[in-house]
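Undergrad: Chains G and U, in that order, are what the protein sequence lines are.
Just add 1 to the spot in the first sequence (first one is 1) and you have our numbering.
Just add 23 to the spot in the second sequence (first one is 1) and you have our numbering.
Some clues are possibly wrong.
[Stated by the list, open to error] A short list of chain U residues far from chain G (calculated; beta carbon distances all over 12 Å): (1) Met24; (2) Glu26; (3) Asn44; (4) Glu74; (5) Thr79; (6) Lys80; (7) Glu97; (8) Gly102; (9) Phe160; (10) Ser170; (11) Asp200; (12) His233; (13) Gly251; (14) Gly263.
[To be verified] The list that follows gives simulated cross-link-like pairs (lysine-lysine, DSSO-like), each with its CA atoms no further than 27 Å apart: (15) Lys188(U) with Lys395(G); (16) Lys50(G) with Lys7(G); (17) Lys131(U) with Lys424(G); (18) Lys395(G) with Lys131(U); (19) Lys159(U) with Lys28(U); (20) Lys160(G) with Lys108(G); (21) Lys131(U) with Lys429(G); (22) Lys89(G) with Lys50(G); (23) Lys424(G) with Lys141(U); (24) Lys39(G) with Lys50(G); (25) Lys215(U) with Lys395(G); (26) Lys414(G) with Lys159(U).
In case anyone wonders, no lab produced these hints; they're calculated from the structure.
The C-beta atom is built at its ideal place from N, Cα and C for all residues, glycine as well.
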Amino acid sequence: MELKDKLVSSFLAFENTVDVDTAVHDIRSQAIKTFEEKGFPTKKEEAWKYTSLNTVLKHDYSIFPKEENALDFKDIKKYFLHDLDTYKIVFIDGKYSSHLSETTHDKIDVCLMSSALSNEKYRLIIENYFNKVAREDGLTSLNTAFSREGAYIYIPKNKLADKPIQIVHFSTGNEAAQMLQPRNLVVVGENSHVQIIERHQSLTDNPVLTNSVTEIFADKRAIVDYYKIQNDNQNASLIDNTYIEQHAQSIASVHTFAFGGNITRNNLNFYQKGEGIDSILNGITIIEGKQHVDHNTLVHHTAPNCESHQDYKGIFDEKSTGVFNGKIIVNKEAQKTNAFQSNNNILLSDKATINSKPQLEIFADDVKCSHGCTIGQLDDNALFYMKSRGIGEKEARALLMYAFANNVLSSVKIPQLKSRINKLIATKLGVNIGFDL
Amino acid sequence: MLEIKDLHASVEGKEILKGLNLNVKAGEIHAIMGPNGAGKSTLASIVAGKEEYEVTKGGILLEGEDIEELAAEERAHKGVFLSFQYPVEIPGVTVTNFMKTAINETRKAQGLEEMPAKDMLKKIREKSELLEIDRKFLSRSLNEGFSGGEKKRNEIFQMAMMEPKLAILDETDSGLDIDALRIVANGVNKLKSEDNAIVVITHYQRLLDHIVPDFVHVLYDGKIVKSGTKELALELEEKGYDWIKEEINA
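Chain G with its partners taken away, still in its complex shape:
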């Protein structure tokens, strides 16, 4: 059976087991219809021109986790930021792992989506925010239909999440092939602040397909910093659909570190609903082999005096392929918008490919919008400079790549995370330079 048919027919059994007689239930029923109608995206769609899901969709995925698997913290410690006190919401094969997690209900809520969906206490928040900003495309609708597990984060007005929150999804490989559909909801009240780090990690080479949806609401003057670490195994594919609604004077940033995986597709959407908003989209992609990373961004400016800053750096080796498709829409009302987009790429091999495409739709007449894209190789002069100081070829190349990606890295606000990303980059580049690369 094709994956689509399998999903649609599985839904019938599934829907009677969850939140019957609630508003969410109606949303689910509608969503599966939308998915049935739209299906998975194909290369015929403009937004999916350079990314084909065909090879990924052919596996016979198990859709619901059959059993609960336990993992020892010591075996998976390295996937956490463990030198930093954080809240943790951890899933193993799509099931919540209470012994690896650290949640809270003290002033703020950092807990499970499933409990928020089923608990009366959260009904109002769910009704007001669940599936409100997510788009109704095939993949998001599919996730909505099956929404069950993920992180629920609610920071009320004037609160500071006292420590960063890590959301980590493990796949143990107990299933021959597994499909995961995490659903996160992050609501940040006026003047509040939260930092979130998300990671998907497969522990074996069994195929994994994750179709994740995250909805984020940043109320007035809220600050949201979201970091995505995408450094998964070669048979793990990720479709990350993130939707962010921002209100006046809020600042939201998403950093995406795409260092590995099979096919990685980031659909990152910012919707500005107020004045004085700043949206920041930063990314570093370093891939090789046959890996594929596609960043598809949207920033929609609807009100005056807002800004957006996009900075994506990519380094592509061997036969890897990259896509950057950055869309900026500036409504007629959104005067004095400052929207910047830059996408710089280095191709280390003749066989690596990058497709970079800015799309600017500007309907206001008093705006500053710029976009720039470069594709190049490492600078020979710079390499010679390093080598003439006794630094070997490999290290010299690594230093230059690091320098290339550095301005994105320097905007990471959590020092321990920055240091971790540094180490990931050094490992990725196969070097051990005597300082924090």
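Start from chain G and add chain U according to the hints.
TA: Chain U in isolation, oriented as in the chain G frame:
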């Protein structure tokens, strides 16, 4: 120290050096002067091991050893240093970290242990004082946003750190104001010893007032066409290069 014999070199099929001879002994300072396009910077790059140049004839010996087949980093490990005319900016890598990497990579290649952190810091402090470099400067990203003068001073700081046997200074005076020139020259002079050698490439005499050469050579059309002592530099400053061109073409 450095012996260049009948060196012919080309880039993209164009011959730039056309039979160049140069013999630099330990303890000597040589100046190479010449008009634009004579091949001065090419010579510097070839000795330091830049790959895009092809040596078609002749050879380069460092302490009697043919280094032509060695990569740039291997030459650095053997004590060759080039102060760049246009130093490269490396965002995110501080001057200090860059130097630590350079020194420890070199020590590793020489079969030595990494330099202990304490010794490294001491050395950095000493050498930065020599070049009158502010401590804050050392934690800035290498060459990023440096003025022309700062870049050149930083090159000589790197030279001081690396302690090369053979240092080639390519247009180190360009971009320096008179005070910086004096500091840089003073640094170079203090680094000079009986065991090392320095080749100064310059357009102008003014650097040579401060770094006094034992020999001055004129490079023109890919060859050394005239050699002399420091008085030759004064003569060139006064009369320009036309008389040399005429002498050759006659």
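Undergrad: Each hint: holds or not?
TA: Going through the hints against the structure:
The Cβ of methionine 24(U) lies farther than 12 Å from every Cβ of chain G, with a closest approach of about 18 Å, so its non-interface assignment holds. Every CB of chain G is more than 12 Å from the CB of glutamate 26(U) (nearest about 20 Å), matching its label as outside the interface. The Cβ of asparagine 44(U) sits about 24 Å from the closest Cβ of chain G, beyond the 12 Å cut-off, so the non-interface label holds. For glutamate 74(U), the shortest C-beta to C-beta distance to chain G comes to about 7 Å, within the 12 Å cut-off, and the non-interface label is violated.
Non-interface status of threonine 79(U) relative to chain G is upheld: no Cβ of that chain comes within 12 Å, the nearest being about 20 Å off. For lysine 80(U), the non-interface assignment is confirmed: its Cβ lies about 23 Å from the closest Cβ of chain G, beyond the 12 Å cut-off. For glutamate 97(U), the requirement that its beta carbon stay farther than 12 Å from each beta carbon of chain G is not met, with the minimum near 9 Å. The Cβ of glycine 102(U) sits about 10 Å from the closest Cβ of chain G, inside the 12 Å cut-off, so the non-interface label is violated.
Chain G leaves phenylalanine 160(U) outside its interface by the beta-carbon criterion, the shortest separation being 17 Å against a cut-off of 12 Å. Even its closest Cβ contact with chain G, about 18 Å, leaves serine 170(U) beyond 12 Å, as expected for a residue assigned away from the interface. For aspartate 200(U), the condition that its CB be more than 12 Å from all CB atoms of chain G holds, with the nearest at approximately 24 Å. The beta carbon of histidine 233(U) is kept farther than 12 Å from every beta carbon of chain G, the shortest such distance being approximately 24 Å.
With a cut of 12 Å on Cβ distances, glycine 251(U) stays outside the contact zone with chain G, its closest approach being about 30 Å. Separation of glycine 263(U) from chain G is adequate, the least Cβ-Cβ distance of about 30 Å exceeding the 12 Å criterion. As the CA atoms of lysine 188(U) and lysine 395(G) are separated by approximately 25 Å, the hinted pair is consistent with the 27 Å bound. A distance of roughly 25 Å separates the Cα atoms of lysine 50(G) and lysine 7(G); the hinted pair therefore holds under the 27 Å criterion.
The straight-line distance between the Cα atoms of lysine 131(U) and lysine 424(G) is roughly 22 Å, inside the 27 Å bound, and the hint therefore holds. For the hint pairing lysine 395(G) with lysine 131(U), the CA-to-CA distance comes to about 15 Å; that is within 27 Å, so the pair holds. For the hint pairing lysine 159(U) with lysine 28(U), the CA-to-CA distance comes to about 44 Å; that exceeds 27 Å, so the pair is violated. This hinted pair checks out: lysine 160(G) and lysine 108(G) have alpha carbons roughly 8 Å apart, not beyond 27 Å.
For a cut-off of 27 Å, the pair hint linking lysine 131(U) to lysine 429(G) stands: about 22 Å separates their Cα positions. Under the criterion of a C-alpha separation no larger than 27 Å, the hint pairing lysine 89(G) with lysine 50(G) is inconsistent with the structure, at around 37 Å. With a C-alpha separation of about 24 Å, the suggested pair lysine 424(G) and lysine 141(U) falls inside the 27 Å cut-off, and the hint holds. The hinted pair formed by lysine 39(G) and lysine 50(G) meets the criterion: a straight-line CA distance of about 16 Å does not exceed 27 Å.
Proposed proximity of lysine 215(U) and lysine 395(G) is contradicted: the alpha carbons are some 32 Å apart, above 27 Å. Taken as a hint, the lysine 414(G) and lysine 159(U) pair is honoured in the structure, with Cα atoms around 22 Å apart against an allowance of 27 Å.
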